[in-house]
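> Given these sequences and hints, build the entire structure.
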Amino acid sequence: MCLVGPNGAGKTTLLKLVATLLRPSGGDARLLGHSLRDEPDEVRKRTGLLTVRGFLYDDLTAAENLHFTMRMADLRPDRDTIGRVLERIGLAEVADNRMRTFSTGMRKRLALGQLLVRPIEVALLDEPYAGLDSQGMRLVDEVVGEFKASGTTVLLASHQDGEAVRLAERTGILRKGHLEILPESETLSRHLSVGGPAGAPEVE
Amino acid sequence: MSVFRRAWAIVWKDLLIEARTKQSFNAMVFFAALVLFIFSFALGPDTELLRRVSGGLLWVGIAFTGILSLSRTYQNEETSGGLEGLRAYPGDVRAIYLGKLMGNIVLLLLVEAVLIPAAGILFQADLWPHALDLAVVSILGTIGFSLVGTFYAALTVNLRAREVMLPLLLFPALVPVLLGAVNATTLVLEGDPMSEAAVWLRVLASFDIIFFVICIWIFPIALEE
Amino acid sequence: MEPKTGVERILGAAALVTMLVGSAVGLFLVPQDAAQGNVQRLMYVHVPAAWLAFMAFFIVFVMSVLYLIQRDVRWDRVAAASAEIGVVFTALTLLLGMMWGKPTWGVWWTWDPRLTTTAILLAIYVGYLALRSFADDEEKRARWASIVGIIGFANVPIVYMSVTWWRTLHQPPSSPRSVAPEILWTLMLNLAAFTLVYAYLMVRRVRLARLEGELEKRMAYNA
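Top to bottom, those sequences are chains A, B and C.
Per the working numbering, residue 1 is the first one in the first sequence, and the count goes up by one each step.
Per the working numbering, residue 1 is the first one in the second sequence, and the count goes up by one each step.
Per the working numbering, residue 1 is the first one in the third sequence, and the count goes up by one each step.
There could be a bad hint or two in this list.
[Unchecked claim] Straight-line C-alpha distance at most 20 Å; calculated SDA-like pairs for lysine to any residue: (1) A:45 x B:16; (2) A:16 x B:87; (3) C:140 x B:87; (4) A:16 x B:221; (5) A:176 x C:219; (6) A:16 x A:45; (7) A:45 x B:92; (8) A:45 x B:3; (9) C:140 x B:224; (10) C:140 x A:24; (11) B:22 x A:61; (12) C:140 x A:40; (13) A:45 x B:91; (14) C:217 x A:23; (15) C:140 x B:218.
Everything labelled a hint here was simulated from the structure, so no lab data went into it.
Written as structure tokens, this is what we have:
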């Protein structure tokens, strides 16, 4: 499912709520049968969050960052898995370089990699296209496709256009904290206005 | 248990980063040495006086140095998404407290390993015969300091006036640790004719146990958003 | 501010009356202390102030625990009110202690265990109130404050024991235990007076806090 909306609409807040990083001030929601408010740990076990800045340490190498992610998810860090994921995200050659030397695009890929080293049922992606070149954007689209194929639910928030946005099965529009989910038959293109720089459609 | 494994992962990560950048360790050692130096100047050339108060001066030095590293405990998480990053992982958040706590204790003990001999030289106190006793006091005191310090550092991590609030909250809470450590150190250095140091060690140990339980218990509440 | 409620009027009146009576008795009716002279009369305000300072902090502790269990912000308001009033009583205790100490022992400050613990108590209170001022969100403020309130209070007995050991390993504690009955009565009277003052201030402060809370909420909606 794709979430679109202008800046400040609350897309990040919504994703963080689902990831149980924020406590709901009122009401509750259930994810995969578990309450966000009362069983946050169960929710966290099954969700992976990709944020704009990513949870990466500058002074560790790419491989070490993934190693840490696996340990924090209480998995035994397995060199094969890490190697495989690094291949997938195109960072295999720089595996032993410190993150400090990485470009924004490379960091974004590594952050994406963090979601791939863990078995998750729901992927929460916040602005996954930000800072990526066309190759990177294609990688995101491919990964989203792979998630879909393997049955992992993807909740993607973006104010940018991308293949995944267009391929989303459901779309939700978030405006000033109010969410409107479009019925299954409608696609996003109906709600996009013409204009704005190419590749960055404006949503009103 | 999962909590310990994840705490250990955090310690590993922090010590690895520290070993590579040596940010905190160097700054702490220099700062501590500077503090001790200034004390020597302030108290003048009276070596007898210096020797008598060396216990107190040492622990004041350790306390100030410790505060320096505490506020940075969670700071190296800043660039990596802040504490949020750690909280997004499944499992008990207490692993964060345990991990940061152990990291702080190790770092502070390493600094003390350099500082205490330096104090011995500056204050002309003969430390070697009491090395083992001093080590015990040092460990118990450092644990007490880090227990409350790591906890309050988490509480104040997002405050604008963190540099002021942390010492303000921390020092009244640390009075038993300071009293215990200073008195035990001074007694040990004087040769402890009446074995009074044991009383203070018990104070330190009780403080450590009580606050370990309290802080670990309450930590998740301190981290709630 | 709105006119006082019935409870507040009664409490206020009772507090005023007992304070006047207590002060009168303490200042004029009770005989002078043989050893220390008139200065000793400061005890009738110093000791109750100290009692109230600690009791106020105990209330902060209880309210903090209640808040963390029930998450009802009303408990936190009571805690904050108690802390504010407690700071005043603590500062008063220290001031009176110093005023008593100078003529009696010749020094402004002694490292007497109780005085020292009171000074540390003041520091803990101030830290508590300072931390509160940094949180805009009512819920976050209550949570932080409750944590500090609990840890701070848990520390007080340990601090007291440590300082007592520190002083008594080298010198015996100071004040004598045997007290003449009229002195005891006067003390009790003043203690009651101070307690009533505390209660009165609490009731008014909590009401004010409730109004402040409602104002905050309304401002948040309009924002």
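> Hints first: check each against the structure and report whether it holds.
Each hint tested on the structure:
Taking the CA atoms of residue 45 of chain A and residue 16 of chain B, the gap is near 26 Å; set against the 20 Å cutoff, the hint is violated. Using a Cα cut-off of 20 Å, the hinted pair residue 16 of chain A and residue 87 of chain B holds, with the two alpha carbons roughly 11 Å apart. Restraint check: the Cα-Cα separation between residue 140 of chain C and residue 87 of chain B comes to about 17 Å, which is no more than 20 Å; the hinted pair holds. Note on residue 16 of chain A and residue 221 of chain B: the hinted pairing holds, with a Cα-Cα distance of about 18 Å set against a maximum of 20 Å.
At roughly 19 Å between alpha-carbon atoms, residue 176 of chain A and residue 219 of chain C fall within 20 Å of each other, so this suggested pair holds. Annotation: proposed proximity of residue 16 of chain A to residue 45 of chain A holds, straight-line Cα distance about 14 Å (limit 20 Å). Of the pairs offered as hints, the one joining residue 45 of chain A and residue 92 of chain B holds, with about 11 Å between alpha carbons and a cut-off of 20 Å not exceeded. With a C-alpha separation of about 14 Å, the suggested pairing of residue 45 of chain A with residue 3 of chain B holds against the 20 Å cut-off.
Distance check on the hinted pair: residue 140 of chain C and residue 224 of chain B sit about 8 Å apart at the alpha-carbon level, within 20 Å; holds. Restraint check for residue 140 of chain C and residue 24 of chain A: the C-alpha separation of about 13 Å stays at or below 20 Å, so the hint holds. Taken as a hint, the residue 22 of chain B and residue 61 of chain A pair is honoured in the structure, with Cα atoms around 17 Å apart against an allowance of 20 Å. Our distance criterion of 20 Å between C-alpha atoms is met by residue 140 of chain C and residue 40 of chain A, whose separation comes to about 19 Å.
For the given pair, residue 45 of chain A sits about 8 Å from residue 91 of chain B by alpha-carbon distance, which is consistent with the 20 Å threshold. Note on residue 217 of chain C and residue 23 of chain A: the hinted pairing holds, with a Cα-Cα distance of about 19 Å set against a maximum of 20 Å. For the suggested pair residue 140 of chain C and residue 218 of chain B, the alpha carbons sit about 15 Å apart, so the restraint of at most 20 Å is met.
Taken one by one, the earlier hints fail for this structure only at number 1.
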